Structures are given as C-alpha cells and as structure tokens.
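Participant: Same order as they appear, the protein sequences are chains B and X.
Every letter in the first sequence is one number past the one before it in the working numbering, and letter 46, counting from 1, is 46.
Every letter in the second sequence is one number past the one before it in the working numbering, and letter 59, counting from 1, is 59.
FYI, nobody ran anything at the bench for these hints, they're computed from the structure.
Predicted model only: the values in this text are computed from it and were never measured.
Careful, some of the hints might be misleading.
What the hints assert, rightly or not - Okay, derived cross-link-like pairs now, DSS-like style, lysine-lysine, Cα gap no bigger than 30 angstroms in a straight line:
{"hint": "1", "chain 1": "B", "residue 1": "K104", "chain 2": "X", "residue 2": "K441"}
{"hint": "2", "chain 1": "B", "residue 1": "K361", "chain 2": "B", "residue 2": "K293"}
{"hint": "3", "chain 1": "X", "residue 1": "K159", "chain 2": "B", "residue 2": "K161"}
{"hint": "4", "chain 1": "B", "residue 1": "K161", "chain 2": "X", "residue 2": "K441"}
{"hint": "5", "chain 1": "B", "residue 1": "K361", "chain 2": "B", "residue 2": "K429"}
{"hint": "6", "chain 1": "X", "residue 1": "K438", "chain 2": "B", "residue 2": "K104"}
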Amino acid sequence: MTPAWTIASAFAGALLVLLLPARMAAQSRVVALVASIIGALAAGAGCIAKLASPEAPAWSFDREWIPSLGARFHLAADGLSLTLLLLTGIVAIAGVLFSWNVDKRQRAFFALFLTIIGGVYGVFLSRDAFLLFVCYEVVILPKYLLIAIWGSTNREYGAMKLTMYSIGASSLILIGLAAAYAAAGGTSFDLAHLAAADYSASFQAWAFPVLFLGFAVLAGVWPFHTWAPTGHVAAPTAASMLLAGVVMKLGAFGALCVAMPLFPEGFAQWRGVIAGLAVIGILYGAFTALSQKDLKFVIGYSSVSHMGFILLGMATATHWGLRGAALQMISHGIIAGLLFGIAGRVVYTRTHTRDLDELKKFDLWRSLPGGAVGFTLATAASMGLPGFSGFVAEISVAIGLWESFPLLLIPLVLGIVITGAFSLRALQKAFFPVRSAAAAKPPKLPPLSWPEITAIVLLLAVSLAIGIYPKPWVTLIDDGLASPLFQSLLP
Amino acid sequence: MNYSDLFQQLLPEVILVVTALVVLGTGLAIESRSKPASNSLMSAIACVGLLLAGLSLLRFQVSGDAATPMLALDPLARLFKGVVIALGLLAVLLPPARDEIHQPGEFHALLLFAITGLSLTVGSNHLLFLFVALELASLSLYLLAGFPRTARAAEASLKYFLFGGVSAAFLLFGLSLIYGFSHAATLPEVATDLAANPTSPLALAGLAMILAGLGFKLAAAPFHYWAPDVYQGAPATSVALVAAASKAVGLVVLVRFLIIGFHAAGGSAAWGGMVAGWSVWLAVLAAVSIVFGNLLALAQTSVRRLLAYSAVANSGYLFVGLCANGTSAVGAALFYVVVYGLATLGALAVTAAVERDRGDDSVSSFAGLIHRSPLQALALLVFMASLAGIPPLAGFVGKFALFSQALAETSTAGSPGIVWLVGLAAMMSAVSLYYYLKVLKQAFVTEAPENASSAPVTTGHALAIGIPALILIALGLFPSLLLEPVTSALVALLP
C-alpha cells in the first residue's frame with residue numbers, strides 16, 4: 001500500500017459518491033468513511049514502514065506530464081509528508097464521523113469533502129511545483145461550495161471572503177513560482193531543481209516575500225487572517241474541521257517546503273519580519289478570542305493564535321524551531337478538528353446556539369457530560385498542557401526561539417498565558433456555568449451518538465499519543481528536515 | 001503547384017461554400033414550411049458540411065511550396081483551420097435563446113460563409129488575400145449579429161458594423177503602409193526587409209494601424225466598445241462564433257504579423273530593460289484590457305455582458321503571451337485562445353438555454369440551475385471554473401503556461417522580465433473569480449424560484465455543452481495533447 005493510495009482513494013471515493021444512484025444517497029457517508037480510512041491506513045502504513053527502516057529510499061512516483069513546460073507528475077513521501085498525510089487521514093475520518101447526520105444533498109457534500117482531502121494529500125506529496133500548485137488550487141471551489149451551501153452564520157459572505165483571500169494568495173504563489181521557474185532557466189518545475197538554482201540576492205529579496213506571503217495567507221498570518229474566523233464560523237462542521245485542521249496546514253507546508261528552500265537568502269532577509277508578524281498573530285488571536293461571544297469564533301481566533309506558533313517556529317531558522325513548527329501543524333490539526341467538531345456538531349445541533357451566554361441555560365456539564373469531558377480535554381490540549389501534543393510543539397518552538405530571537409520569548413509566554421485565559425473562559429461559560437440555587441432544571445439533550453464518540457476518542461487519542469510519546473513523530477519530522485531542501489536554511 | 005493540388009489544399013473551404021449554397025437553395029425551396037423544422041434541417045445540413053470540411057483537412061498537406069505565396073500551407077494553418085471548423089460546428093449546435101431565426105436558410109448560409117472566411121484567414125500569407133478573407137468573415141458576422149428582428153439586435157449589428165468598418169479601414173491603411181515600406185505583399189518578404197531596417201517609421205506606423213484593426217477583432221481595450229452590445233443582442237450562435245472562432249483567428253493573424261513579419265522590431269517590455277518596439281505597445285494594451293475588462297465585468301448583471309467584458313480581459317492575457325515575443329509563450333497564448341473559446345462557447349450555450357427557459361440572461365435567472373438541470377449546472381461549473389483558471393481544467397493550464405512562459409522568455413540575468421505585467425494579470429485573474437463565482441453561486445447555492453422549470457436538453461444542445469466540457473477536462477489533465485502541436489506548429493513557422 002503505497003502513499004499514492006491516499007490521493008487515489010480520496011478522488012476515487014469522490015467520483016464514486018457522485019455516481020451513486022439517488023436512492024443510495026444515504027450510503028455516500030459510508031463510501032466517504034471507507035475512502036478516508038483507506039487514505040489514513042495508507043499514510044499510517046507509510047509512517048510505520050519509514051520508522052521500521054529509516055534508511056530505505058523514500059517512496060516516489062515520477063512520470064512525464066507536460067514536457068513543453070517542464071512539469072512532471074512527481075510524487076514523493078519523506079517523513080514530514082507522511083506525518084502530514086496521516087494527520088489528514090485522521091482528520092478526514094473524524095470529519096466524516098462528525099458529518100454522519102448530514103441530510104441535505106449528501107452525495108454532493110461528501111464528493112466535495114473528498115475532493116478537498118484529495119487535493120490536500122496531493123499538495124503534501126508533490127515534488128513538482130506545478131503539480132503542487134494544481135493540487136493547492138483544486139481545493140478552492142469545493143471549499144466555497146461546502147461553506148456556501150451547507151454553512152451556517154453568514155455563510156455566503158464567509159465563503160466568498162475565504163475564497164477571494166485564497167485565490168488572491170494563490171495569484172501571489174503563481175507569480176513567485178513563475179518567477180523562480182523563469183530565473184532558474186525556464187526548463188523544469190521540479191522543486192529540487194528550483195531550490196538548487198542560483199538566484200541573485202536582489203531577486204530573492206522581492207520573490208521570497210511574494211511567494212511566502214501567498215502561502216502564509218492560507219496559514220492565517222496576521223494581518224491577512226480575517227478570512228479564517230469568518231470562514232470557519234460560516235462553514236459546516238466537517239468543513240471547519242478540514243479548514244482549520246488541514247487546509248491551513250497547506251499554507252504552512254508551502255511556506256516551509258517551497259518558499260523557504262527556494263529563496264534561502266530572501267528568507268534570511270525577511271525572517272525578522274515574519275517572526276514579528278507571527279508574534280503579533282499569536283497575541284492578537286489570543287486577545288481577540290478572549291472577548292468573543294460565539295464559541296466557534298473563540299476557536300477560530302485561537303486557530304489564528306496557534307498558527308502563529310508555526311510561523312514563529314519557521315522564522316527561527318533553527319532545527320528545533322522547524323521541528324516545532326511541523327509538530328504544531330500536526331498538533332493544531334488534531335486539536336482544532338476536535339474543538340470545531342464538538343462545538344459545531346456535538347453542541348450546536350443539540351442546543352441550536354453557540355452563544356456563550358445562551359449556552360449557560362443548558363448547563364452542558366449535566367445535560368451533556370460526554371461533550372463536556374471531550375471539550376475539557378480538548379481545551380487542555382489546546383492550552384498546551386504537558387501530556388498533550390500542543391505542549392511538545394510549543395516547547396520545541398520556544399527552544400528554537402531561545403536560540404535565535406530570545407527576546408521574543410516574553411510575548412510568546414504572554415500569548416501562552418492569554419491562551420489559557422480564553423480557553424478556560426470559554427470552557428467555563430459554555431460547559432460549567434455557575435448555577436444559582438433557583439436555576440431552572442436544564443433541558444434534556446440526546447446523549448452522544450457512537451460516530452461522535454468514536455471521532456472524539458480518535459482525535460484525543462492521537463493528541464495524547466503525540467504528547468506522551470513524541471519520539472516516532474519527531475523521528476519522522478527529522479527525516480523530512482534532513483532533506484537536501486533544508487540544507488541551505490539550517491546552519 | 002497545379003490547380004488540382006490547389007483544389008485539394010482548399011478543399012475544406014470549397015466544401016463549406018458548396019454547403020452554404022445548398023443550404024441557401026434548400027431554404028428557398030422550403031420557405032413556407034414550419035420554422036422550427038426547417039431550422040433543424042438547415043442546422044443538420046450545415047453540420048454535415050462542417051464535418052466533411054473537417055475531415056477533408058486530413059488531406060491538407062504541409063508544404064513550403066513557393067508557387068502559392070498567397071496561401072500559408074503550414075502546420076499552424078492546418079491546426080487552426082481545424083479549430084475554426086470545430087468551433088463553428090459547436091456554434092451551429094447551440095440552442096437558440098429566443099425565437100430569433102426567421103430565415104434559417106440565409107442564417108446558416110451566412111454562418112458557413114463566415115466560417116469559410118475565418119478558415120481562409122488563418123491560412124493566408126499575403127496581405128491582400130488576408131484582407132479579403134477577413135472581410136468575408138467580418139461582413140457575414142455583421143449580418144449574423146443582426147438576425148433577430150429586434151431593436152437590440154439591430155443596435156448590436158450596427159455598432160459591430162460601424163466599429164468593424166473603421167477598424168477595417170485602419171487595417172487596410174496599415175497594410176498599404178507596409179506594402180509601401182517593403183514593396184512586397186507576403187509576410188516572409190516583409191520580414192526580410194524589416195530585418196535590414198527594423199526601426200523604419202513607415203513599417204511601424206503600418207503595424208500600429210494593423211494592431212488597432214486586429215485589436216477590434218480580439219475585443220481588446222480600447223477597441224472593445226462593440227463587444228457588450230453584440231454579446232447581448234446577437235443570437236447565441238453568432239456570439240459564439242464572434243467570441244470563440246473570430247478571436248482565435250484574430251490571434252493567429254496577429255501572431256503571423258508579429259512573430260513572422262515583425263520579429264525584428266519586437267523590443268522588450270521587461271522590467272528594468274525596456275526597449276522600444278511593439279512588445280511595449282502590446283504590454284500597455286494588455287494591461288489596459290486586463291484591468292478594464294475585469295473591473296467592468298464585476299458590475300454586470302447580464303451574463304452575456306459579463307462574458308463580453310471577460311472577453312476583453314482575456315484578450316489582455318493573450319497579449320501578455322504575445323509581448324514575450326518567443327515561441328513557447330506565443331504557443332501558450334494559442335493554446336489559451338482555443339481553451340478560452342471552448343469555455344466561452346459552452347457558457348454561452350448554457351446561458352442561451354437559461355434565457356429560453358427564464359426569459360432573460362440576468363445572473364439571477366440562473367438561480368437553482370442545479371435542481372432544474374444538473375447536467376447544465378455541472379457543465380457551467382466546468383466552463384466558469386476554466387475561465388477563472390481553476391484546476392484541473394484547461395483554463396488553468398493555459399493561464400499558468402501563459403504567465404510562466406512569458407516570464408521565462410523575457411527574464412534575463414539582470415531583469416526579471418515582464419513580471420510587472422504578469423503580476424498584474426495574475427492578480428486581476430484572481431479578481432475575475434469573483435464574477436464567475438457570482439454566476440455559480442446562483443446556479444448551485446441559491447434556491448430556485450417556485451415556478452422555475454427547464455425545457456429538456458436536446459441532443460444538439462447536449463453536444464454543444466458536453467463536448468467543450470469534456471475537452472476542457474481532458475486538456476486540463478493532459479495539456480500536451482494540444483500544447484505540443486501548437487508549439488511545434490509555431491516552431492515550424494519560424495525560419
């Protein structure tokens with residue numbers, strides 16, 4: 001089972017769902033679940049094989065595609081790609097489980113869902129800039145349709161804003177990639193070839209920020225993050241999970257594995273600015289989350305804050321920092337998926353409100369204990385408590401920061417403190433309200449269904465597994481960071 | 001070359017003219033019969049003629065025979081004759097948007113004459129022959145635009161004719177200046193003379209006039225004022241021919257002039273390395289068209305007018321490729337014009353059907369199309385996404401190839417090439433997604449009004465939307481199928 005099964009299962013699943021006859025529309029979720037499981041298994045098998053024999057050559061698939069452009073159909077999986085594939089697979093399974101009760105236009109819903117998953121897998125596996133960009137762009141229309149058709153609050157606005165930010169950022173990526181391609185001789189889009197080319201310093205000084213910003217917008221860099229909270233809130237649960245969990249990682253992955261290796265000198269010139277923006281993003285996201293009324297907005301802004309750690313880790317240009325950034329990608333993917341899943345699916349479909357003050361009435365701790373336990377653990381993970389994945393990621397970033405920008409540790413620590421504050425505030429308001437003696441008896445809510453329990457347990461287990469025993473993940477990430485692409489970045 | 005060879009080389013056009021005469025005669029004979037039936041009969045005859053003409057292209061032989069200096073017998077001509085005939089065939093299959101064709105015989109005969117003219121134009125090397133062929137196409141198109149007897153169609157036709165007449169005058173004046181410069185009327189000879197004297201003001205003045213004349217054909221700003229009215233008022237079939245086939249032909253003629261005839265006077269529009277020449281003119285035209293077309297398209301509520309402004313913007317993208325003045329970028333532009341033509345033609349086919357069902361072509365008429373007619377809605381998704389440049393569709397590959405090759409051709413060690421223009425084009429292309437999404441949003445997201453219904457899709461209609469959609473998907477996944485032949489045809493052209 002090669003990693004190519006990830007892409008193949010997602011796109012084949014999408015096609016199969018579309019071709020289901022109308023009377024079998026309800027079965028589309030089963031097809032989607034099977035496709036997601038196959039993808040996750042393929043990614044997991046790749047990870048295990050890599051850990052078992054680290055010296056074995058990386059899997060790759062290289063075919064001629066568009067010779068006149070110099071674009072090849074080149075996929076390859078190193079440790080970093082494999083862990084991100086596994087993350088995508090897990091979030092995909094959880095996303096399908098949290099969407100088990102979608103009843104409107106199910107076939108279209110799951111076809112679009114699987115198309116996004118397939119595009120994400122494609123980006124993580126591409127070793128050709130053209131192919132990578134194709135997969136990156138494939139995601140745009142399904143994102144729009146998922147939010148605009150199945151979304152909630154202000155869905156058409158949120159969907160359009162998110163799409164215009166994405167496509168605008170993509171045009172920057174296009175300019176950056178085309179400029180790199182032209183400057184490298186105009187013969188090949190192979191990433192290794194582009195990274196090996198000798199670009200002049202003045203060229204890198206403008207090409208790097210263009211390319212990096214293009215990717216960073218999708219990673220939610222301040223001040224281009226505003227699409228993220230509105231988009232996440234407007235999206236249906238599964239789409240919020242995908243957007244925050246994996247689609248934002250596409251931006252981070254592109255910044256880390258395309259923009260930085262291509263233009264190392266440009267990166268060296270601009271990394272101070274990136275670090276500054278990342279710290280502002282961490283603080284801004286955290287402070288804004290502190291004053292939100294809507295539970296999903298709290299999670300949306302917390303995503304902006306957490307994505308700041310990824311950018312900050314990259315900006316350190318140290319091994320610890322890059323490793324922390326990669327760990328944070330995985331950690332945040334799991335935790336954001338979990339938080340959005342519980343807030344959007346478990347809570348909202350039962351209470352029909354996400355307003356923190358309204359939620360008090362439901363006394364969720366009593367009426368929905370399973371949801372409360374799940375959200376409490378997810379909040380603990382999100383705050384970066386030891387034992388969960390967030391701690392491992394954040395401590396790595398902090399170590400990297402100590403090596404390169406020690407003074408920035410002060411705002412970083414402040415950001416972590418505020419993160420604790422807004423997380424506990426939301427948790428307390430939504431799930432553990434202070435009950436006055438005269439409070440009415442809370443309404444009865446249906447208990448958690450088995451797909452919900454499975455999804456919550458799956459995501460929590462992964463977060464705990466990384467937090468308690470990070471070694472295999474770190475080994476895989478270090479394998480990716482040992483690639484020649486990063487040689488020029490790390491001293 | 002003797003007459004039988006000549007006949008063989010012009011067989012497609014001969015077949016088209018004969019078919020046109022047959023259609024005209026049949027139209028006279030059965031004029032009293034019912035309109036819809038005779039319309040279908042004429043369409044069927046025209047389709048057969050176009051198919052035969054397309055097949056006869058297989059016998060077209062590429063040769064560098066100097067005995068027929070008027071005809072370009074090169075791979076580019078063969079390829080684009082095929083493209084013109086195929087686009088013409090699809091245009092004939094387009095469903096009528098309104099009850100608009102009163103004389104089906106004349107309409108289809110003019111359609112075939114227009115296609116004949118366009119097909120001759122792409123295969124001409126001689127200035128005078130080029131002009132005559134182009135005028136055959138243009139005069140037929142002016143009439144085709146005014147076919148329904150409505151005030152709007154009359155306005156469209158008159159505007160098209162007046163602008164077309166002036167631009168034809170410009171073109172002819174430009175051609176005469178070039179003839180005055182080189183005393184030769186074939187493009188290769190002009191090229192030889194120009195290589196010796198690349199900055200001749202006479203030749204450059206001639207080229208500027210030709211650019212104005214062909215800018216009209218391509219609907220490039222600021223020569224585009226006819227486009228919105230023609231797109232809105234003319235029958236769908238005529239618009240499809242103007243938007244897809246006529247644009248492709250305009251581009252091929254421009255490529256022949258610029259890349260073969262005036263290669264030496266190209267100059268450069270590169271950032272930090274600007275050299276006077278037609279590249280700079282084209283870069284300015286491109287920038288104006290892209291900005292103007294995209295921004296005005298944002299404000300449109302009529303889908304036909306929206307497509308007209310998108311046509312303006314897209315001619316700007318084509319100019320980006322041309323002003324790089326190199327084979328791979330120009331090849332990408334030729335690829336793009338075919339892909340653009342297919343997508344626009346398909347979008348017009350869906351628009352025409354919506355117009356027939358709902359009475360107008362406003363964006364809100366598309367509401368709930370996915371429920372009324374899933375096939376058309378999915379096809380519309382393909383066309384609009386291809387126009388917006390979303391993978392895995394051919395429009396994406398076209399734009400990407402256009403932009404990346406334009407940069408690759410112009411960038412040097414000291415200059416990043418026309419990155420200013422490519423950057424502008426890429427950003428504005430992102431803006432264009434907004435107005436294409438506006439239509440898609442109605443089709444997929446907005447619920448249909450209560451009374452909305454959709455007439456069943458006929459076979460011809462299904463072909464007119466199905467074939468372009470499938471080609472766009474196939475070319476998106478395997479762009480080499482068209483990109484390689486186009487590029488090699490272009491390389492074969494250069495001395």
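Participant: Find the hints from earlier in the document that the structure breaks and name them by number, from lowest to highest.
Facilitator: Number 3 - this is the single hint that the structure violates.
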